[in-house]
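Line order of the protein sequences matches chains A and B. Just so you know, the first sequence maps onto residues 1 to 279 in the working numbering. Just so you know, the second sequence maps onto residues 1 to 263 in the working numbering.
These are calculated hints, taken from the structure and not from any lab test. Beta carbons are placed, not taken as given, at the ideal position from N, Cα and C, and that holds for glycine. Check each hint, because a few of them may be wrong.
[Stated by the list, open to error] In silico EDC-like cross-links for lysine to aspartate or glutamate, where the CA-CA straight-line distance does not exceed 16 Å: (1) B:94 x A:145; (2) B:94 x B:170; (3) B:94 x A:147.
[To be verified] Facing chain B, from chain A, some residues (calculated, C-beta under 7 Å): (4) 29; (5) 157; (6) 162.
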Amino acid sequence: MRRASKYLIPVGAVIGVFVVWDLVIRILDVKPYLVPSPGSALRAIRDDWDVLSGLTWTTVQETALGFVTGATAGFALAVLMSRWALVQRVVYPVLIASQAIPVVAIAAPLVIVFGFGLTPKVLIVAFIVFFPVVVNVLDGLASVDRDLLNLARVMDGRALRVLLLIELPATLTPLFSALKLGATYAVTGAVLGEWTASLTPGLGNYLLVQNSRLNTDAVYGAVLLLAAIGVIGFLIVAGLERMATPWRARSTARRWWRRPAEVGSSPPMPVSEDVSVSE
Amino acid sequence: MSAGGGRPSTLGSVGAKLAVEDLTCRFGDTLALSEVSLEVGAGEFVSIVGPSGCGKSTLFNVVSGLVPPTPGRVLIDGRDVTGSTGHVGYMLQKDLLVPWRTVVGNVVLGAALTRGVTRRDVQEARALAARYGLEGFLDHYPHTLSGGMRQRVALMRTLAVHEDVLLLDEPFGALDSQTRLEMQRWLLEVWSELDRTVLFVTHDVDEAVFLADRVLVMTPRPGRIAAEIAVEIPRPRDLGTLTTPGFMSLKRRVLGLLYGEAA
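Just chain A, same shape as in the assembly (with noise of 0.2 Å):
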């Protein structure tokens, strides 16, 4: 019951915008051409899905693959910056100034250099998700206790393994946060790049030329299915989230990431048997 709940109630929460989408429409009787019913722009997608489907997987392409490329960037641009006080205190300014300029401006000179393919679309994806996981990241780095380093330098711990195993573990939490937040305004960037680079048609330019002939069934179409874009795009974040972060959901590790030793040996023990141990 728990369990159904779990998943009845968001996906009855989207059935019911939808409801209320239509009811509006029609207690209030709005013209078709101005907003359309749920259901004309469904038909819209349905009937234009030989195009629409093709349009969507560059938007996806665009989407998912800039990205990857600004959360790899972010990710490694804020571990460099934790290791060099130097580095962190020269990029920092450049990355809030560069976060400054807004997104449209920049697309029009990456077209100049990249030309109109999937490289500054891809780009403009990049340079949206890139600045939240940069300051994340950073925030986690710096979140570790200054202590459990100290204890880590009196086991003699190799720099390397203390970075692996306990600084960017640190790091998760605060990731997925920025990626989650990252994977729904992506889409707004890949939309954006079509707009300003429009060779390679994907979504955004559908629903440009369709809005100019308002088409308004197929514009809201192209919107509901960006916005699913972008919400499955979420919903594999928070996926990765889960199996990455288990310690937060669960109370104890996975069967399959439990450490290979058996309980019953017996290593050599300088101890003697006859131990109660006092609870």
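Place chain B on chain A using the hints.
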């Protein structure tokens, strides 16, 4: 096993497990430690009591190699280890368990951070943790454990690095008094079975006397060892020990030394 309060007579003798010689430590204008010398015999349990800011934690940071002294020497088994790490087990009031590692994963942390965890490390960790009250929690993540259980894991992690000298810095300071008493008895049990040398910092006089063979009293500004009291209460000690006349008179002496009143 324990030295039973018998203290080595001369400083710097080869027989001591841990010897600290004329340790001075300065932070800016503050003299955190002033010519501190002490010796701990193999298998001995020594408590250090003192008010906040008396340099107890600084002393541990120097002995563990985190902070270099200016000047002074730290010897383990007669070997000069001043300013180098990797030769003591160190445990703090904060358990510092790694949230994404299970109980066993935390116990083998020392191996994981140095040479890599072997099957043998894991077997030993499982046996150690199961033996000392963590049976049934071996694959649990730390967030599921109580404060006392977490400190057990932290001590197991400290034992698993296989260093003879353990520095325990107020390990039970954050626990409620009942759990603390339970943990003290548990620590004595672990110590009596595994042949380790313990230096135990606390500001709880009862705890210092109950656990130790000797109590060192530190005073602040500058941090130095003001007095040393041998605790000649027979082992094994238990709850009854806490109300014996011998315990009471020792406690009175330590309190007198700490607060400057007539003993």
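Please name the hints from earlier in the document that this structure breaks, with their numbers sorted from lowest to highest. 4
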